[in-house]
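Number of protein chains: 2
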Amino acid sequence: MSFLDKDIIAFTDVLASKASVPGGGGASALVGAVGTALGSMVGALTVGKKKYAAVEADIIELMKKAEVVRGELLKQIDEDARVFEPLSKAYSLPKETEEQKAEKARIMEACLREACSVPMEIMVKCCEAIELQKEFAAKGSSLAISDAGVGVAFCKAALQGASLNVFINTKSMTDKAYAAELNKKAFEMLDKYVPMADEIYNSVFDRLKPAE
Amino acid sequence: MSFLDKDIIAFTDVLASKASVPGGGGASALVGAVGTALGSMVGALTVGKKKYAAVEADIIELMKKAEVVRGELLKQIDEDARVFEPLSKAYSLPKETEEQKAEKARIMEACLREACSVPMEIMVKCCEAIELQKEFAAKGSSLAISDAGVGVAFCKAALQGASLNVFINTKSMTDKAYAAELNKKAFEMLDKYVPMADEIYNSVFDRLKPAE
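Protein chains in written order, with the working numbering: chain A, 1 to 212; chain B, 1 to 212.
Bear in mind the hints are in silico, worked out from the structure with no lab data behind them. Computed from a prediction, not measured in an experiment: that's the story for all the values here. Mixed in with the good hints there might be a few duds.
Stated by the list, open to error - List time: in silico SDA-like cross-link candidates among lysine to any residue, alpha-carbon distance up to 25 Å:
1) B:184 / A:143
2) A:6 / B:81
3) B:209 / A:81
To be verified - Here are some, though not all, of the chain A residues that point toward chain B, as calculated from beta-carbon distances under 8 Å:
4) 17
5) 18
6) 171
7) 209
To be verified - Label pairs and their computed distance ranges (CB to CB):
8) A:86 / B:178: 35 to 41 Å
9) A:210 / B:9: 34 to 40 Å
10) A:171 / B:49: 18 to 24 Å
Even for Gly, the Cβ is constructed at its ideal location relative to N, Cα and C.
Full structure from sequences and hints, please.
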């Protein structure tokens, strides 16, 4: 099963439903991909323009990287569904006998690890996308500057969205050391890239904003 | 032509290209719709649960409203393309003679007004979506709390994204009084709803975040 061939209305329909997937993780991957696509668009509107000939080689390089990141984020939509579905089933396993309790705990822990792995990866890709947007905003055509600003706002929101999906799962883990390790990595990404995204967005906003 | 029947990969492909539409406005409408859908999902995971029987009627009401807002945001994806395409063509009208200059200025101004109208409407709908998320986050199932947080982060980013598409167009308007009126409305929405969205997001984050 893939969500990638669903049209936009159908995707938001199934997202809005009580179906266990897609959820906030897959939605974050999509929003990150949409943000990354806006960076690519800035690049596409910059190459071939005389005014930007000096940065053309850089822009082409950025566009190649952005296409890879977008492809990886889109893949994570299905990956998130693949790892989340077993977790949602594990929640309803019986826990009447001691044996069932132990078995449920064992399965839950394995599912939680899996369910964290994808939003962690989405976070990594959103950080890469924010780095790319920084350069698209700085070097891209000023006619498309608003798109770089919109793109970075989306990549930041996707990074934050994925982080909530890490934290809700590490919270339930019994292996507290492993949970702490993931949380530390997630915080490091948030602490570095949320302010970076805000700085890029604000630089675009300052270039566009009217006197209030 | 509609972008609503494009699958997710195809939509991000055309967004990433140098095609004039969809752009940052349509992408903002999509991200707002995705955020709103996550609120609906919180609702869907709350109704029918004994623990939340007391708020069930409220949740059903919120879900109805969210479905309307999502439908309106999805429609704005095509609307944004409809109003932006003439503007992108107007930019390349000739301006060699005085007559051509005057004609181009007249057409540009009309196109800019049209091109602002849709991101303004997207902003209005994102504000409504943020109001709804506030209640989903407060009343919805705590098992789905992360989805309410992700949803509000997306609606905020979409609100900001749409605002950049208002400001880039009002900047070029010659009717400065009309431009100022639109900017004022846009700032009022940003000033009220960005902090509200941050507050909702932070309340979810505080419930989920581990000790650092």
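Verification of the supplied hints:
no.: 1; hint: B:184 / A:143; result: holds, 23 Å
no.: 2; hint: A:6 / B:81; result: holds, 21 Å
no.: 3; hint: B:209 / A:81; result: holds, 23 Å
no.: 4; hint: 17; result: holds, 6 Å
no.: 5; hint: 18; result: holds, 4 Å
no.: 6; hint: 171; result: holds, 7 Å
no.: 7; hint: 209; result: holds, 6 Å
no.: 8; hint: A:86 / B:178: 35 to 41 Å; result: violated, 56 Å
no.: 9; hint: A:210 / B:9: 34 to 40 Å; result: holds, 37 Å
no.: 10; hint: A:171 / B:49: 18 to 24 Å; result: holds, 20 Å
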